[in-house]
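> Given chain R's structure and the hints, the job is docking chain B onto it.
Which chain is which? The protein sequence lines are R and B, in order.
Read in order, the letters of the first sequence correspond to residues 190 to 716 in the numbering used here.
Read in order, the letters of the second sequence correspond to residues 6 to 689 in the numbering used here.
A hint or two may mislead.
[Claimed, not checked] Below, simulated SDA-like cross-link-like pairs (lysine to any residue); rule was C-alpha separation at most 25 Å, straight line: (1) Lys165/B to Asp629/R; (2) Lys32/B to Asp629/R; (3) Lys484/R to Lys623/B.
Since the hints were made in silico from the structure, they are not lab data.
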Amino acid sequence: MNGVPILSLMLLVPLVGAVACLMAGREQARVIALAATLVDLVLGAFLWSHYQIGGPQWQFQEHAAIFAGFEWKLGIDGIALLLIALTVFLMPICIGASWNAIEKRAGEYYANFLIMETLMIGVFTAQDLFLFYIMFEAGLIPMYLIIGIWGGADRIYASYKFFLYTLLGSVLMLIAMMWMVNEAGTSDIPTLMAYSFPVKAQTWLWLAFFASFAVKMPMWPTHTWLPDAHVQAPTAGSVILAGVLLKMGGYGFIRFSLPMFPEASAQFAPLIYGLSMAAVVITSLIALVQHDMKKLIAYSSVAHMAIVTVGLFAFNRQGLEGSMIVMLSHGIVSGALFLAVGVIYDRLHTREIDRYGGLAINMPAYALFFMLFTMASVGLPGTSGFVGEFLSLMGIYAQSSWVALVCTTGIILGAAYMLYLYRRVVFGVQKNADAAAMPDLDAREWAMMIPLAVAVLWMGVYPETFLAPMRKDIAGLEARLAQARPKGDADVQIAAISPAAATHEHGDAMEHGAQVHGPEAAHGEAR
Amino acid sequence: MHPIQLIVFLPLLAALVAGLGARLIGKVPAKLVTTGALFASCALSWPIFLSFLSGSAEASVVPVLQWVRSGNLDFQWALRVDTLTAIMLVVITSVSALVHLYSWGYMDEDPDQPRFFAYLSLFTFAMLMLVTADNLVQMFFGWEGVGLASYLLIGFWFRKPSANAAAMKAFVVNRVGDLGFMLGIFGTFLVFGTVSIPAILAAAPGMAGSTIGFLGHRFDTMTVLCILLFIGAMGKSAQLGLHTWLPDAMEGPTPVSALIHAATMVTAGVFMVCRLSPVFQTSETAMTVVTYVGAATCFFAATIGTTQWDIKRVIAYSTCSQLGYMFVAAGVGAPGAAMFHLFTHAFFKALLFLGAGSVIHAMHHEQDMRFYGGLRKHIPLTFWAMMMGTLAITGVGIVDVFGFAGFYSKDSILEAAYASGTSAGHFGFWCGITAALMTSFYSWRLMFLTFWGKPRWDQSEHIQHAVHDAHGHDDHAHGHDDHGHDHGHGHGHSHDGTAGYHPHESPLPMLLPLALLSVGAVLAGYVFHHAFISEGGGEFWKSSVAFSEHLIHAMHGVPEWVKWAPFGVMITGLAVAYIAYIANPGLPAVFSGAIGPLYRFVLNKWYFDELYNALFVKPAMALGRVFWKQGDIGIIDRFGPNGAAALVARSSRIAVRLQSGYLNSYALVMLVGLVGAVSWVIAK
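In isolation and in its complexed conformation, chain R is listed as follows (with noise of 0.2 Å):
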C-alpha cells in the first residue's frame, strides 16, 4: 500500500539475511536469520491486515519490464495470501528448530533456509509465468541441499530421488508453459486464467503441469520421494518440506490447472480420484507398519494430501475451499507432528518407535502437545483437521459418493496409524532407561508449538478468518469450472417414479429434468 512495494520487501528481507549468514558464524547466523525470518512474518501480518477482502482480485501488484517481454511482476489474491501467511509463519519456527541441532557449516544452512523463503513466497506472488517457474523449480534446489548435507546417514539417496522425481515433471510442465505463451500471447498468468484454450490442447497441457503437480503433491504412486526424503532431512527441512513445499503442487492445480483447462480437468477427474483413492487407502495402511516415526508421519502425509486433490476436482465450493483449508492445516499440523518428532529426536538421536515409551511419565507436557496435533492429524472436530477434510469430503460426495466413501475410511485408517504411534511413543511403561531420563520441554521447545497449538485450535474453532480472504477467489474459480463440472452421482429425484422404472430409465430420468441440484429447487418440487 501507499506504493510500498511490500511483496518485494518480503522477497528481498530474507534474501538479504542469506547474505548475511553466509558471512556470519554460528551464533550470530541463527540470530540473523531468525530476525529476518521475523521481519517477513511481521510484514506478512500487514499484508494480512491490508488485504482488502471482498476488494480487487488481484491486490498489491507491481510489475517492472525486464527484458524482452519478461516482467517482474507480483500480485496476490486470497488463495496466494493463506500460502503466503503459513509460510511467513512457518520460517521462524524452523529457525528455532535447528537452534541446537545444527552445528555443521550453520552459515550455508541458514542462508538456504531463507534462499528457500524468498523462493516460496516468490512461487505464491509471481504473475508471470516464467517468474513462477523459476521460484518453483529453484525452490526445491535449497531443499535438495539441505537434505543433501544437513540429512542423516542416507542423505544422497534421498536427495537424488528428490532429483529425480521433480526434474522429470518440470521439464515437461516448462515445454506446456512455452507452448502456452506462445499460443495466448502472454506470460501473464491472471489473463492465462481467463484465457479459453482450445479442449484438444488442454488435455496435453494439463497432462503436462499434472506430471509436475503430481510429483510436489506427492500423488500415488510418485510418493515414494517423500518418506526418504522426510526421514533424511532434519528436523526443521521436514516441517518445511511438509508445511510448504508439499503445498506447491495443490497451489499449482488451483492456480493453472483447474482455471486455465477446466475440460481437460473435467475430462481427467477420475485420474484424480484414482490415484486419490489408491492414496488414502494405500498409504494409509503403509503408514501402520512403520517403525520409524518420521516415515509414518510421511505416509500420512500423502494420504491427507489426497484429501485435498479429490476436493481441488470436486468442482464446488466445499471442496475447494475444503482443499485449501486442508492445506492450511496439513501445513501446521505435519509440521508440529514433525517438530514433535524432533524434539524427542534431539534428545535421544533416534526416530525409531520401540525406543521409547512411557514419555507421558516424564514428557507430561510434551505429551499434551502431541496428542492435541495427534487429533488434529485425525481431524476431530474443534481442531484444525476437521474443518477442511469435512469439506472436502463433503465436496466429493455431491461428485461421487464412492470416492466420498473410500476417502472417508480415511478417518478410521488415520486414527488407527496415529493412535497406534502415540500409544507406542508416549502411553505404556518406560521401558528404555534413556528415553525416561529425558527432559519436558524447554523454553525454545514451548515458545514453538505455542502458536502452532494455537493456530489449530483457532482454525478448528473459528476458521471463517481463514475462509474468509479466499471466499471470493474461489467463488470466481467454481464459476469458470461450473460449464466443465461433470454431473454428480446422487442426483436427487423427487418424481414418484416405480423403483423399477427408475433402475430401466436411469439415464433418461436424469435427462427428463426430475433431477434437482440444490434445496431451493428441491423443496419446490416437493411442495
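Only chain B this time, still in chain R's reference frame:
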C-alpha cells in the same frame, strides 16, 4: 447471559483450569474447581428441566459463534434448549456431578487426580455440546469430543498395555460408525442444502418417496440417509457389530464406566435417533433396521451377560443390552419410551456401576465375582444401593401400583413394541422379553455371587496381596519381618475363606452419590412416567421428538398377558438365579458342562473379537506390509527412480566429464530450458 451457556462452558473452563493449571494451583483446588463447576451446572440444569416439565418453557437457541461458511453451507456454534435437550441436561450434569464427587473417594490414592478430573469435566462439556447441538456438525463435534474423552479416560492408567489397547479400540471402532455419520451428514446436506436440525426435520417429509444415487445404485433417499446416520449411532451406542469396544472399555476407572459407558456417552446414539425421529419416520425401512438391530443387540448382549465373571463386564453387557431396548423403542416409533428408558437407565446403571466400584474398592481391586461372596454384612450400605439398582434394572413392580424405575420404562418399551403391530415390533417384543428374563437372571446372579454365600476371597491374588502387605506392615512395626511373612501366609489359607481380610465400607464421598442415585433408581419411573409416556405426553415433548399419541393409545390396549409378561420373566429369572447360586451352587458348573460348546461360544462373547481380528486387524497389517515392501519398494522404486538411476549410471559413464553431480545437471536443465524459452519468445 442464558444459563445454558454457563451449564455448557463451566465444565470446559474447569477442565482447562484443572488440566493445565494443576501444577500451579495444586491437587485439591483442581478437584474442587471441576466438582464445583459440575454441581453448578447441575443446579442450573434442573430448573430448566422442571420448567419444561411444567410446560412453561419454550424451545430456544442461543447462538455462540460463527463456525463454518462455505457457499450455501453455513453453520454456527449454538446451544439449543428444548424438551429433549433438557432431559439430557439433567441426566448428564447430575450423573457427572455425582461421579465427580464419587471420584474423590475412589481415586483418592491416584497420583494423577487433576488429570482425571480434567478429563471428566472435558467429557461433560463435549457431551453437553452434543445434546445442545442445533446442527448435525456440532452434534458430530460433541460426538467425537466424547469419543476423545472416552479414549483418554479408558486409557487413563496408560502404563497398562490392556488399557491402552482398549482405549485405541474404542476410538477406532467408533470411527467406523463415524464414517457412516459423516456420509450421512454429506448426504443430508446434498439433499436438503442445510445441516440445521430444525430445517431438516421440517423438510424431511417432503423427501419421502424420492430416490437418490448412492454407490452406483438408486435407493430411497430417506432410507439411505437414515441408515448412514444410524451406523454412527450404532458405533457410539455399541450396537451389535460395533459393540466390541464397550466391554474392553471397562479397563478405565469405574467412575468413568458409570458416567461414560453407562449413563451418558453410549446413549448418544439413542439421543441422535430420537432427535431425528421425524426424519427416521419418513423411512419405514430405516425404522425396521433400527428395531431389528436394537432387538438383536438386546438379546445377544444379555446372553453374554449371563456368563461373565468380571463384575464390570456383566454390567457392561447389561448396558449394551439395555441400549438395544432403547433402539427397539425408537424403531417402533416410540421415542418417548426410548428417552424414558434412557433417563431411568442413566440413574440405575450409574448406580450399579458406582456400587460395583464400591465393591471393587472394598475388595482391593478384585473384579472377579468368583472371589467375592458374603459381602452383604461387611459393606451393607453398598449392598443396599446395589439392591436398589438391581430392583430397578430387573423392573420390579406391580402394574398400576408402584414400580422401580426400570419397571415403567422397560415395560413401556415392550408394550410399544407389541402395540406397533409390525413384524419388526414383534421381533423386538420377543427379544425384549427373552432379554428381560436374562437380565433378571444375570442381575441376581451378580447380587448372589457378590453379597450372599460364603466368602471366597482367599483365592484372589489381590486380596492375598492386600493381606500380605497389611501383615508385613504390622510385623514390621514389631521388627520381625520373617515371622510376619509366615503369619500372613498362614492366614491366606484360613478356613473361613476370608484370608483374614476385612472389607471396609467406602468413604462418604462414595456413599453419598450411591444414596442419591438410589433415590433416582427407586423414584425416577414413578415420578416421571406420566410426563414421558402417557397420553398428553405431546405437551411435554412439544415436537422435540416425533411423539405418537396413537401408539400410546395402542400401548394401553395391549392384552393383559403382555402387561404381565415382564413381571413373569423377572420372577423366573430371580428364581433360576436363586436355585443356581444359593440353593444349589454346584448346578451352574454342571449345566455349563452339559452344554459345553454353546457355553464356550457365549463365554467367549460369540467370538466377535477373534473374528474381527482375523477379518480386519491382521489383514490391514499384512496389506500394509505388502503395499510397502512389494508395492513401494518392490515395484515403484525398482522401476521408477532406481531403474532410472541404473540407466543414468550407465549413460553417465559416457557423460561423466560433462557433469559433476545432480545439482549441476538440474540447474543446467533449468537454464537450458529458460534459454530455449527466451529464444522462442524473442524469435517470434
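> Determine for every hint whether it applies to the structure shown.
Hint check:
1. Distance check on the hinted pair: Lys165/B and Asp629/R sit about 22 Å apart at the alpha-carbon level, within 25 Å; holds.
2. Proximity of Lys32/B to Asp629/R is assessed by CA-CA distance (about 21 Å); at most 25 Å being required, the pair is judged to hold.
3. Restraint check: the Cα-Cα separation between Lys484/R and Lys623/B comes to about 21 Å, which is no more than 25 Å; the hinted pair holds.
Comparing the model with each numbered hint stated earlier shows that all of them hold.
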